[in-house]
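Student: What follows is the residue order along each chain.
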Amino acid sequence: GDSVTQMEGPVTLSEEAFLTINCTYTATGYPSLFWYVQYPGEGLQLLLKATKADDKGSNKGFEATYRKETTSFHLEKGSVQVSDSAVYFCALGNIAGYSTLTFGKGTMLLVSP
Amino acid sequence: SAVISQKPSRDICQRGTSLTIQCQVDSQVTMMFWYRQQPGQSLTLIATANQGSEATYESGFVIDKFPISRPNLTFSTLTVSNMSPEDSSIYLCSVTGGQGIVGELFFGEGSRLTVL
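Chains as they are written, first to last, in the numbering used here: chain A, 431 to 543; chain B, 3 to 118.
The set of hints was computed from the structure by calculation and includes no laboratory data. Any given hint could turn out to be false.
Each computed DSSO-like pair below joins lysine-lysine, with the alpha-carbon atoms no more than 27 Å apart [as the list claims (entries may be wrong)]: (1) A:K498 to A:K486; (2) A:K482 to A:K535; (3) B:K67 to A:K498; (4) A:K490 to A:K507; (5) A:K482 to A:K498; (6) A:K535 to B:K9.
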């Protein structure tokens, strides 16, 4: 079945550092890929998405490129802020006619001033 | 986008009791989903709830333990029955984004249950 593997956290960075959170997946067919973010005390929010190979999703300075050859969708940001501290979930959607997701375990990001 | 409200936001429950979580959406939606997020774990889909039909449960989840109601297109409830400490989790309601992209979901803030 489908699966998503994320790097384990927490990832601890200083403000303005470069961020990479690795995500790889196993899936049949042509899944859509997502990054969701969960800020402290809040529900999950869609951060960015990519629906086909070589697409780049971007939002709020975050980027991720759908790499079919390496089955990866790594999240990057050039300069993180304290307000980016949250848990980040990589996910894929792959069932025609449904909108269910397979999630990774989440990676906590802690950014210090 | 959709605005989703869940009640309760958190609760502490005794072993053997049952608790019903409510999910209200600000627009009509066909499909609603219930997820569970156990401590330190990923989100796991419990069931899909369509209005006017029985919910569809994922492997490992059964209706007797997690009965779901879907009386109309903006509301659903999930009951966690005969709770044990292993049921301590965040339960999340979600709906589709409506733009035809598989997997684009909006989530409620979640209901954090602690079972003693």
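Student: Now, for every hint given, state plainly whether the structure supports it.
Tutor: Going down the list of hints, with the structure as the test:
no. : hint             : in the structure
1   : A:K498 to A:K486 : holds (12 Å)
2   : A:K482 to A:K535 : holds (23 Å)
3   : B:K67 to A:K498  : violated (39 Å)
4   : A:K490 to A:K507 : holds (9 Å)
5   : A:K482 to A:K498 : holds (8 Å)
6   : A:K535 to B:K9   : holds (25 Å)
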